[in-house]
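All chains should be built: construct the whole structure from the sequences, respecting the hints.
Note that our numbering has the sequence shown beginning at 1, numbered continuously upward.
Please keep in mind that the hints were generated in silico from the structure rather than gathered at the bench. Be aware that a few hints might be false.
[To be verified] For lysine to any residue, the following SDA-like pairs were computed, each having C-alpha atoms within a straight-line distance of at most 25 angstroms:
| # | residue 1 | residue 2 |
| --- | --- | --- |
| 1 | K310 | H322 |
| 2 | K96 | V42 |
| 3 | K302 | R128 |
| 4 | K302 | F256 |
| 5 | K96 | T225 |
| 6 | K319 | V52 |
Model, not experiment: these values are computed from the prediction.
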Amino acid sequence: MSAFLKGSNSSKLQVSEFILLGFPGIHSWQHWLSLPLAMLYVSAIGANTLIVVTICQDPALQQPMYYFLGILSVVDIGLATTIMPKILAIFWFDAKIISLPECFAQIYAIHCFLGMESGTFLCMAFDRYIAICHPLRYPSIVTNGLILKATVFMVLRNGLFVIPVPVLAAQRNYCSRNEIEHCLCSNLGVTSLACDDRRPNSICQLILAWLGMGSDLGLIILSYTLILRSVLKLNSAEAASKALSTCSSHLILILFFYTAVVVVSVTHLAEPKAPLIPVLLNVLHNIIPPSLNPMVYALRTKELRTGFQKVFRLSLEKKTRHQ
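Laid out in structure tokens, this is it:
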């Protein structure tokens, strides 16, 4: 028995690092994808940074709705930065090796930021619900103190809630294979290399997803159902149209985000014959929302576009003064 345990312990030490191979089936030309992915990453960082700077500098935007948008932008920057530098390093410098601690840390960060994005959408839905259904009580309910508490709660909830995912992944026995057919460390992709049973990891991820994002989505649907019921009671068509237009940007992003989550989950669980599809969807799900969110808000929010113009005008004035 002692000999068996000794052999088992030594086998656990055989794998000290993972190798991220990139997109399965297209290794020979996958580096060509680095250009569009790099452009998405640069646009995500630039646009979200611009939103945060604009909200900080424009007093007209310093209200709860835009504070939540600023929080969403910070989360998007974190989500994109969690995966894109490593993916681009794989494509440009063939830096495919990742240590086990780095890999498990990436699993944690991805789940944490996705949970925070979901929580931010819930906060934005609550904000719109109070603004439309209880407008007179809005200033007394949605205060800066509430925004701070909601932000701290989201960070703590998602920071602590997803800890079991990387911890369980680290408990698996990686005794032989260490090549991952992926560009990033996904929980299911990493644990598929384990020599022992990975079902606890899959069950844990499923339960946490339903408890976290599932509850967020349920409350978001409830909020917008109440909003729609309140809007339909309005006698003025113009007032109803204005109320719905303030929610349209949120709804577009929420529908895209949760639809992508469901599609990625289903494709991974189905184990399709073309493994490229779930891997590609997984990467795009982590980079497209951060680059899409600012565009949707910039196109559909007049106040934000005005804020952008003020920021650009101020920056031009500063340049002319220095010259």
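Hint-by-hint comparison with the structure:
Restraint check for K310 and H322: satisfied, since their Cα atoms lie roughly 19 angstroms apart, inside the 25 angstroms limit. For the given pair, K96 sits about 22 angstroms from V42 by alpha-carbon distance, which is consistent with the 25 angstroms threshold. Between the alpha carbons of K302 and R128 the distance comes to roughly 17 angstroms, so the proposed pair stays at or under 25 angstroms and holds. Between K302 and F256, the direct Cα distance comes to roughly 22 angstroms. Compliance with the 25 angstroms bound is thereby established for this hinted pair.
Restraint check: the Cα-Cα separation between K96 and T225 comes to about 47 angstroms, which exceeds 25 angstroms; the hinted pair is violated. With a CA separation close to 21 angstroms, the supplied pair K319 and V52 stays within the 25 angstroms bound.
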